[in-house]
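There are 2 protein chains.
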Amino acid sequence: MSNIRLVLMYDGAGYFGFAEQKEVPTVSGELKRSLKKLLGEEIPIIGASRTDRGVHALGQVVSFKSGSRLSANDYKGALNFLLPSDIRVLKAEEVGEEFHARFSARGKEYCYSIFEGRDLPFNLRNFSLHVRGGLDAAAMRKAADYLLGEHDFTSFAQEIIGSPIRRIDAIDIVEKNDPMGRVLEFRFRGNSFLYKMIRAIMGTLIEAGRGKKGPDEINEILKARDRKRAGATASPHGLCLIRVIY
Amino acid sequence: MSNIRLVLMYDGAGYFGFAEQKEVPTVSGELKRSLKKLLGEEIPIIGASRTDRGVHALGQVVSFKSGSRLSANDYKGALNFLLPSDIRVLKAEEVGEEFHARFSARGKEYCYSIFEGRDLPFNLRNFSLHVRGGLDAAAMRKAADYLLGEHDFTSFAQEIIGSPIRRIDAIDIVEKNDPMGRVLEFRFRGNSFLYKMIRAIMGTLIEAGRGKKGPDEINEILKARDRKRAGATASPHGLCLIRVIY
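If you're matching them up, the sequences are chains H and U in order. Residues 1 to 246 (our numbering) are what the first sequence spells out, left to right. Residues 1 to 246 (our numbering) are what the second sequence spells out, left to right.
Incorrect hints may appear among the rest.
As the list claims (entries may be wrong) - The calculated BS3-like cross-link candidates involving lysine-lysine, where the alpha carbons are at most 30 Å apart (straight line), are:
(1) U:K176 - H:K91
(2) U:K142 - U:K212
(3) H:K176 - U:K176
(4) H:K76 - U:K176
(5) H:K176 - U:K212
(6) U:K76 - H:K176
Bear in mind the hints are in silico, worked out from the structure with no lab data behind them.
Same shape as in the complex, but just chain H (with noise of 0.2 Å):
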């Protein structure tokens, strides 16, 4: 038996997230319909984040276990042969048996992309959050700095299953200018993030930005351990999975 382990980049727009789901086309399952059409058999696959409905991907980790003689190029060729043009695998290496895609994972980098302008350029349309304009940079920043480190994240999670408390290494918040407006990219770093976690933080973030609560204000959110605190779930097609720490 060879472990293998893919890294994946997607464009989410068309799938209803990464995990398998019946009737519905999923990056999983176009994986996993891929491999049985190379392998003539269905074999279970470990993804490194289940990232949801139309958020994209840079950098995802997929492993699985396969008694084929391919060798791990053969993979990389043969599935970006079969997979659909959306669907990309950058790099396919064979890793040592013990090496688990999700458990493995040391942490996970996050983008989370924000156009500022009147008008929307059609070429972000499916990959920026379009917000008109007024966003306080520097109180976004200020709000954010109060995530950073281990915290009970109760009050940004959509879903608890097992322990709340994470750790946010980074939130660094990068500018761009366009011709039509401005980009903001906000890199989260963390060790791993709860159920919807970052577009919770988002959504509450461009509210600090907003001027709508004060950048004070996102620590009591945190402590208050309380979703119905927190801001809106931000939209899924402004974020992108950069890469998975090993």
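Take the given structure of chain H and dock chain U to it, following the hints.
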């Protein structure tokens, strides 16, 4: 009668070009349909550029005359409500009755985008031509210089109606680094362009960039006035009409 001028942005991926055609979705067809809903009658519209199937626009200009008392601002709001989300009115204004979107145009700017790298990032898939590597930007620059000024562009036109003489004022090449490779943007400015001319030029410049044609050969091709001498017509999805100059 008021003469209305619109600046349109669109993602060309879903359309069979700007010009109206029966049975298939076109940008012009969508605009006429929305105007008919708004005004209750079908009115002729004039577009500055007949962008091809798959070509995008950040600044297409359209004009039409109407007896309606709607203000320019009403048109913008109503059309953005009625049009599909991949076609947006960026600006609407009332202009003098002599203004004609096509005949009043003095020049146009287009951008052709190439992504050079092993794997095309998911968010550039519909907007950049994918080239795996090995483009010599300096050779492309040198080749492009032969095309500046006024010339007979027969060698780069799929079809010529009237004169084949056009003037290219600038071909600026802008390099942008991306974590997965680099983006090369070719920004063309000229008085007007023949049918598929920019794409034929791009197909030829790519051959120069790959060393298949020497930069000096571009000059010979131009002088030959023979479409068969130039390179292939590059894919439309890398092309975008940036603005129309009046």
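If you test the structure against every hint from before, which numbers come out violated? Failing hint: just 5.
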